[in-house]
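Q: Once you've looked at the hints, dock chain B against the given chain A.
2 protein chains.
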Amino acid sequence: MTPTINSDRLWQSIMALAEIGAIPGNGSCRMALTPEDTAARSLFLGWCRDLGLAHQQDAIGNQYLRRAGTDPSAKAVAFGSHLDTVPTGGRFDGIIGVLAGLEVLRALAEAGVRTKAPLELVNWMNEEGSRFRPAMMGSRVAAGAFSLADALAITDDNGVSVAQALAESGQAGPLPPAPRDWSAWLELHIEQGPVMEATGADIGIVVGTMHARYFQLSVIGEPSHVGPTEMNRRHDSLAAAAEVILAVEKIALAAEPNGRASATWIENIPNARGNVSHLTHLHCDVRHNDAPAAVAMEGELRAALAAIEKRRGVRIDVDPYATFGPIAFDPRLGALLRQKAEARQLATRDMIAAAGHDSVLMAPLFPSAMLFVPSVGGITHNPKEYSTPEQVARGAQVLLDAVLELAG
Amino acid sequence: MTPTINSDRLWQSIMALAEIGAIPGNGSCRMALTPEDTAARSLFLGWCRDLGLAHQQDAIGNQYLRRAGTDPSAKAVAFGSHLDTVPTGGRFDGIIGVLAGLEVLRALAEAGVRTKAPLELVNWMNEEGSRFRPAMMGSRVAAGAFSLADALAITDDNGVSVAQALAESGQAGPLPPAPRDWSAWLELHIEQGPVMEATGADIGIVVGTMHARYFQLSVIGEPSHVGPTEMNRRHDSLAAAAEVILAVEKIALAAEPNGRASATWIENIPNARGNVSHLTHLHCDVRHNDAPAAVAMEGELRAALAAIEKRRGVRIDVDPYATFGPIAFDPRLGALLRQKAEARQLATRDMIAAAGHDSVLMAPLFPSAMLFVPSVGGITHNPKEYSTPEQVARGAQVLLDAVLELAG
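Those protein sequence lines, which keep their order, are chains A and B.
If you're matching positions, the first sequence starts at 7 in our numbering and goes up one per residue.
If you're matching positions, the second sequence starts at 7 in our numbering and goes up one per residue.
Just chain A, with the same shape it has in the complex:
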């Protein structure tokens, strides 16, 4: 019996998981290590237990589920993604990568197929970075790109540390985070953009990622009263931050179509209705297909900040706290995915990922590749995020076909 994806079973698992942390409009909110994320992890582990998978969990909360192969000396073929979401998340971003991986293992079990190499399914901790920054935290720590101690000390906006959240949710495992014994890493994900839908592609072969640069900014002004304080005596950090937000947007518009820039997070102090603000924190990023162009975008940002500082008599501190990419994924794995998709009469298209993914951290360590399925309307990080059951199943089938070839 040839292993085949069961589209209904996969879809039902995706829908069942989406009920945990459900939000209006068919979305999900399961920020990392919240009770909702923890409940989703438990449901997932229960399904894995039913399949007889061996469970290991590391100290940063990554979950590894292993199916033994026939050759004890062979390295594992690994695949997966993440189950955590942004606050206004949909049902697909990350989730389909984990649950298509589960469906691959279910289809193999159903067909009675045992591969030569072991298979390992992964749910990475805190890919989204909505609660604890930086994003891709679990894979970052496992890859050794970020120390466990530094990650554990990070706090959310309420002052809760990663260490505390791991302990309270019971998600800190005994395994020291470290690269695993893998021969290859594969990740299925939604495109999160409109290109595949517009061009009729069924499977996106992700050949690489943008280069992204992240900044935490602090605009330091001077407190004063909204009533009697004339404009020329104000050093309003919120007004200065507004200029920064629009400067970021202007840089983004100039960098289209291959670059993006976004200001997303703001904290304003004292945030009192009778006060001109004196301290405004802001988060922004710049990213581009071409790494030097992203560096040039940072230069434009810094020039804009200097002009705002001078014009308004404020100070703007810049913390360039993280980057990701550019990554070129393994071309041989990309070719394998393309071949498997074409063998199923699926239209493929080479893609550059604009978002960060856990695969970015795996690419330097293992031959790695990603495949995309279309996002209806290109909508993502939004309850309206959607891919059809057929689109998801096609991606899962290509993943299965590639895993079978890699694992022998």
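A portion of the hints provided could be inaccurate.
Any copy will do: because identical chains look the same in the list, a pair fits if it lies in one copy or spans two.
Using 30 Å as the maximum straight-line C-alpha spacing, the simulated DSSO-like pairs for lysine-lysine come out as follows [to be verified]:
hint, residue 1, residue 2
1, K316, K256
2, K256, K81
3, K316, K390
4, K122, K390
5, K390, K256
6, K316, K122
For the record, the hints were derived by calculation from the structure and aren't laboratory data.
A: Using the frame of chain A, we list chain B on its own:
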């Protein structure tokens, strides 16, 4: 013995009170009904008890301290201000109005002078509106301009209601909030601007206030992902709010020197680093010496909002939730204050108040007036806020002289 202000005693009381909720740079943070505000109220009540004043407190937390007169049928002469501060408050805004009032009563006690009319010293609850909006909450409710039930239901940014904060702090008194039996209301305050210092005035005779209009705005966009979402598919509520902030500033610049406008408070959703924001709340106000000019500023604001809505495909809901002024204070009381200041060889200057004050709520009910003392450097709502001991004492002396004449 002629009653005379004891400048040292007054200054020491101001400095002692400032120790409660002290913040770096000589400032104070005592937002309404916090433990710090409650402690300041207790210290103040202890001083009043030492003077034998009769204490009453109403259900919204206003404190009334009464010194009996010799004529039981005479209406009271009332004065005071507020002890709460903004988060980055100084030692003077509001506080000197209450403590100069206390010093008036101490000086009378020391001189053995009993007035014909009773005297009533007031500490109004939540003048600043930093924690619970609208500002001037206690005087607003006492004046009947805002219902007690509506005020009690208002919540702070943490969801704590005024009712809950009053109960937990023990500040809800038994008295139903209502206008009192007063013949006149006087309030001493700092100028909070640079005009008196620049023109050498000792005492500002506040003849009226600006007209201010307050708005709570909600910018409604669409959630999306910062990476793959191209600029033309974004409806970024934070970027739209940034344009609103700068539009408010532009309106303010055009309205100088007699108008102001400010955007001060922001709440951004989801405020996640991987998400284009979809809902941003913003607070702003416009104000002008000339009420029709303030109304015209609102018109400019609404036109700017409509243009932003159209250009960005966002919706902006406007809640014009409160106004204050314009108020013309009682000219006879103003003349009395001017005469008392001049009798002490003090230089006076007529002023228009740009900030809201509790006196705005009293003016329609009683003959009311305010007097200002200079603010060094015009700095206010800032730990650096300062008036000299001499400046404060001069204001307190004019208050005492006027109270003596009014109360007989």
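Q: Name the hints, by number, that the structure is in violation of.
A: 2, 4, 6
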